Amino acid sequence: MIGDVALAVALFTATLALYEGFRALQARARRAWLNPLLLTFVTVGLALRALHVPLAVYREATRPLSWLVGPSVVALAYVLDARLDELRARARAVAASLSLGAVSGAFTAVLVARGLGASRVVIASLAPKSATTAIAAPVAARLGGDPSLAAVVVVLVGVLGALIGPALLRALGVRDRHAFGLAMGAAAHIVGTARARDEGDTEEGASAAAMVVHGVLTALLAWVAVRVAGP
Amino acid sequence: MLRGLLLVSLFTALGEALERLAHLPLPGPVLGLVALLVALRSGLVPRAAVAEACAALTGRMALFLVPAAVAIFGPPASVALLSTALVPIVVASVVSTVVVFAVVGLTAQRLAPR
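Same order as they appear, the protein sequences are chains F and V.
When you line the first sequence up against numbering that gives the first Met the number 0, it's residues 0 to 230, in that order.
When you line the second sequence up against numbering that gives the first Met the number 0, it's residues 0 to 113, in that order.
Be aware that one or more of the hints could be misleading.
What the hints assert, rightly or not - Pulled from the structure, derived: some chain V residues nowhere near chain F, Cβ distances all over 10 angstroms:
hint: 1; residue: L1
hint: 2; residue: A16
hint: 3; residue: R40
hint: 4; residue: A54
hint: 5; residue: L110
Claimed, not checked - If you want a taste of the chain F side facing chain V, the calculated C-beta under 10 angstroms gives, among others:
hint: 6; residue: V4
hint: 7; residue: L33
hint: 8; residue: L50
hint: 9; residue: G199
hint: 10; residue: D200
To be verified - Chain F regions said to be covered by chain V (calculated; three or more residues, Cβ under 8 angstroms):
hint: 11; region: 12 to 18
hint: 12; region: 23 to 31
hint: 13; region: 67 to 73
hint: 14; region: 82 to 96
hint: 15; region: 125 to 134
hint: 16; region: 148 to 161
hint: 17; region: 183 to 190
Calculated from the structure, these hints are not laboratory results.
Keep in mind that this is a model prediction, so the values were computed, not measured.
Glycine included, each C-beta is placed from N, C-alpha and C at the ideal position.
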C-alpha cells in the first residue's frame, strides 16, 4: 500500500518535472517541434513501457491533472473576454473566416479520412482535429471516437501548423497581420498561438481569440460533419 | 486564487449539467466556457475574481492533457489504431490543416476593414 502511494507520487512528480523541463527548453530554443506536451507524453509512454508500469497505475496517479482539463477549457472564457472588443471591430472578418474555417476543417478531415477507408472510430477522432486539444479530446469521445488518438493528432497538427503555417500564409499572399493571427490560431490552436507571438502583439491576440472561437465552432461542426458526411 | 478556482469549478459543473440535461452536442467544458463568457460580459462575475485562476489554468493547459496523450500507448492500444490507419490519419490531418490555413487567412484578409 505504502509502495503504491510512493509510486503514484513519483509518477505525478516526474510528469510535472518533465513538463516544466521541456517547457523551459522550448522557451530557450523556440522551436515548434520541441512542444512540451509532445516530448512529455512520448518520454512518459516509453518510460512506462520500459519500467513495466501498467497504464492504469499511471492514469490513477495523474488523475488530478486530468480533472483540470475541463476547468482549463472553461478558463478560456477569460482569454476570449479580454479580446472581445478587438474582435468586435472586425466582426465580419472574424465571424466569416472562423465559421468557414470550422466548416471546411471538420468536413475535409471527415471526408478525406472516409475516402481513404478509415474506420468510424478514427473518423470521429479526426473530426474535431482543428480544435485545441482540451476541446478536441472530449468532443471525439462524445462522437464515439478515441480521445487519446484525438489528443495526439491535435498536438501533431499544432506542431505541423506552427512549422509550415507562416510560410504557407506568406505564399498565399496573406499580409494582413490580423488575418495571419486568426489563421494561426484556427489551424494550429495553442501551438500556433505561441508561434504567432514571435510575429507581434496583433498576431498573438488574434491567434489566441481565434483558438477559442474556432475551437467552440469546431466542437459543433465536428458533430455536424460526422452526422452528415460520416459513415 | 481559491475563490477564482471555485468560480471556474462552478461553471465547469454547470457545463456538465447542461450537457446532460439539454442533450447538446457540445461537451460540458465548452458549454461552461460559453456560460462563463456570458457571466463576465454581463458583470455577474467580475473579471478580477477569476483573473488569477484563469491565467494559471490556461497557462498550463497542455500539462493537464499529458495523461490523455500517454493513454495512446494503451491498453486499449490506441497506438494500434494509429498504426493501422496511419495513412488516412496523416493525409486527412495535413489536408484539413492546410485548408483551414488558406480558408481563414484569405477570408479574413479579404474582409479586413481598411
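How the hints compare with the structure:
no., hint, verdict
1, L1, "13 angstroms, holds"
2, A16, "12 angstroms, holds"
3, R40, "7 angstroms, violated"
4, A54, "7 angstroms, violated"
5, L110, "4 angstroms, violated"
6, V4, "18 angstroms, violated"
7, L33, "12 angstroms, violated"
8, L50, "12 angstroms, violated"
9, G199, "16 angstroms, violated"
10, D200, "17 angstroms, violated"
11, 12 to 18, "holds (count 3)"
12, 23 to 31, "violated (count 0)"
13, 67 to 73, "holds (count 7)"
14, 82 to 96, "holds (count 8)"
15, 125 to 134, "holds (count 7)"
16, 148 to 161, "holds (count 9)"
17, 183 to 190, "holds (count 4)"
Hint check: violations occur at hints 3, 4, 5, 6, 7, 8, 9, 10 and 12; the rest are consistent with the structure.
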